[in-house]
Structures are given as structure tokens and as C-alpha cells.
Amino acid sequence: MTKITNNIFDSIEAALKAENLRQKAIASNIANLETPRYRSIDVKFEDMLDKAMQQADIDGTGDVEAELYQPSMTEVKENGNDVNLEVEIGKMVENTLRHKAYVRILNKKYQQMELAAKI
Amino acid sequence: MEINNSYSPIDIAMSGLRAQDKNMKVISSNIANMRTTDNGKGEPYRRIEAKMRAANEGISCVEVDELAEDMSSFKEILDPGHPDAGPNGYVQMPNVNLPMELINMNTAKKLYQANAAVMKRYQQMSETTLELLR
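One line per chain: the protein sequences are A and B, in this order. Note that this note's numbering gives residue 148 to position 44 of the first sequence, counting from 1, and the numbers run on in steps of one. Note that this note's numbering gives residue 57 to position 56 of the second sequence, counting from 1, and the numbers run on in steps of one.
It cannot be assumed that every hint is accurate.
Below are the BS3-like pairs computed for lysine-lysine, each with C-alpha atoms no more than 25 Å apart in a straight line [claimed, not checked]:
1. A:Lys181 x A:Lys204
2. A:Lys181 x B:Lys26
3. B:Lys42 x B:Lys121
4. B:Lys110 x B:Lys26
5. A:Lys148 x A:Lys107
6. A:Lys121 x B:Lys110
7. B:Lys42 x B:Lys110
8. B:Lys26 x B:Lys42
9. B:Lys121 x A:Lys128
10. A:Lys128 x A:Lys204
11. A:Lys181 x B:Lys76
12. A:Lys121 x A:Lys181
13. B:Lys52 x B:Lys111
14. A:Lys204 x B:Lys121
15. B:Lys110 x A:Lys181
16. B:Lys110 x B:Lys121
17. A:Lys107 x A:Lys181
18. A:Lys155 x A:Lys222
A short, non-exhaustive set of chain B residues, derived as facing chain A with CB atoms under 7 Å [as the list claims (entries may be wrong)]:
19. Thr129
20. Leu131
21. Leu133
22. Leu134
Everything labelled a hint here was simulated from the structure, so no lab data went into it. Glycine included, each C-beta is placed from N, C-alpha and C at the ideal position.
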């Protein structure tokens, strides 16, 4: 559970945790590509962050935690498995790009603070 | 704050990859059943074609709409010794045309590669943007 305030570090922390979890979910899905009756898992985060931020606007603080869920509208193969390699790779690419962006923003923020400390 | 769920280039390229993956399945089924004289309903195997469709208007993902059966007539060959031969000695063979399937397979392969290339290029583009954040 991460507390969201108006501080940017909180949002980045929550987002990085979510990306980490999503990467694990994708790894699990790809590892179980051919496992009979395995259902793919995904991470729900953006909607919850939105809610937490709205709450933070009102109360000054909101809670957010990434959640695992099983998508229900997926196509199930003959062996009861619904993992699709292309989908997982697409998610992985997006996830990597977002993760990079968040780390860079965090880094930028630290650079700003260092700059301020030097003066 | 509104979350924009419109398609990203990665989603679109991904839908292309999925569609061609399905198309490849259809083609392999056609080739595997090229000499199948019985489909369980007293007919030879009927060729299948994956029909693609845009998921919505404008910028759109692609999806396989339906697996349509090819209703063209079956080929007939003379083979009186065949267990599925009719009284006149002719056997009905599937309406699969191997050269056509091979061409479709090449197209599917190229389209798959193209979609993968789009995804890779978009990734590179995004990384260029991320370089500005350094």
C-alpha cells in the first residue's frame, strides 16, 4: 500500500511497484505459455491511481495498491490456457518503456535537488 | 484526470501479430488436410480462410472476424481403390490449392515481420524521447 500525496515521489514509487508487479505477471504468463488450464493474470493500477489521486485532492492523501486480476474476455485455447505470446510481448515492451520513463523522471528529480544543494 | 485508453501503436502492432498468428494456423490446417477425404460429415475437408476486419472506425486494431469456409467445388480424382470412392470410381478431394496456400503463408510471414518491425521502431522512437529525460 502506498500513500499518495501531492508529492511526485509517492506517485513514482507507486508506479514503479506496479510496473515491477506487472513484469512478474508477464513472466509468469510467458512461463506458463503451454500449461494446461492456466489463466493469464494482469495488473490493474492506472484506474486505482486515478482514484487515489482524486482522493488526495480532497483529503490530502490517498492509498493506492496495484492489484492482480484475471482478464475474463480472453480467448481460451483447447487446453484451457488463455496466454497469448504476442500480447505478453506487447505488454512487456510497454512496461519496459514506462519503467524507463519513471526511473528517468526520478533521476531528474534527484538531479534538481543536487543542483539546489550546490548553490 | 481522464485515462486515455485509445490504442497505442504497440497495441495495434500486437493485434496485427495476433491476426497473422491465427492466419498461420488456418494455413497450416489447410496444408495438413490437403488430402483429407473425410471430415466426419461425409465430405472432404473444406478449405478455410481467415477473414480480417478492422475493430472500429478510424485508427483501429485488426481482428480475425470469422474463419470462413471456401465454398468452391471439390476436386475429383479417379481412384477406384480408395475407400471413399463413389460408385463411378471418383474420389472427392479437398478444395485446397497448395501454391495458393504457400503464397498466403509467405504473405502472412511478411505481415508478421512488418508488425514486429513497427513495434520495434516505435520502441526505438520512445527511447529517443526518453533520452531527452536524461
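Hint check:
no.	hint	in the structure
1	A:Lys181 x A:Lys204	violated, 34 Å
2	A:Lys181 x B:Lys26	holds, 13 Å
3	B:Lys42 x B:Lys121	violated, 46 Å
4	B:Lys110 x B:Lys26	holds, 12 Å
5	A:Lys148 x A:Lys107	holds, 17 Å
6	A:Lys121 x B:Lys110	violated, 37 Å
7	B:Lys42 x B:Lys110	violated, 33 Å
8	B:Lys26 x B:Lys42	holds, 22 Å
9	B:Lys121 x A:Lys128	holds, 22 Å
10	A:Lys128 x A:Lys204	holds, 16 Å
11	A:Lys181 x B:Lys76	violated, 32 Å
12	A:Lys121 x A:Lys181	violated, 31 Å
13	B:Lys52 x B:Lys111	holds, 17 Å
14	A:Lys204 x B:Lys121	holds, 16 Å
15	B:Lys110 x A:Lys181	holds, 22 Å
16	B:Lys110 x B:Lys121	holds, 16 Å
17	A:Lys107 x A:Lys181	violated, 40 Å
18	A:Lys155 x A:Lys222	violated, 38 Å
19	Thr129	violated, 11 Å
20	Leu131	holds, 5 Å
21	Leu133	violated, 9 Å
22	Leu134	holds, 4 Å
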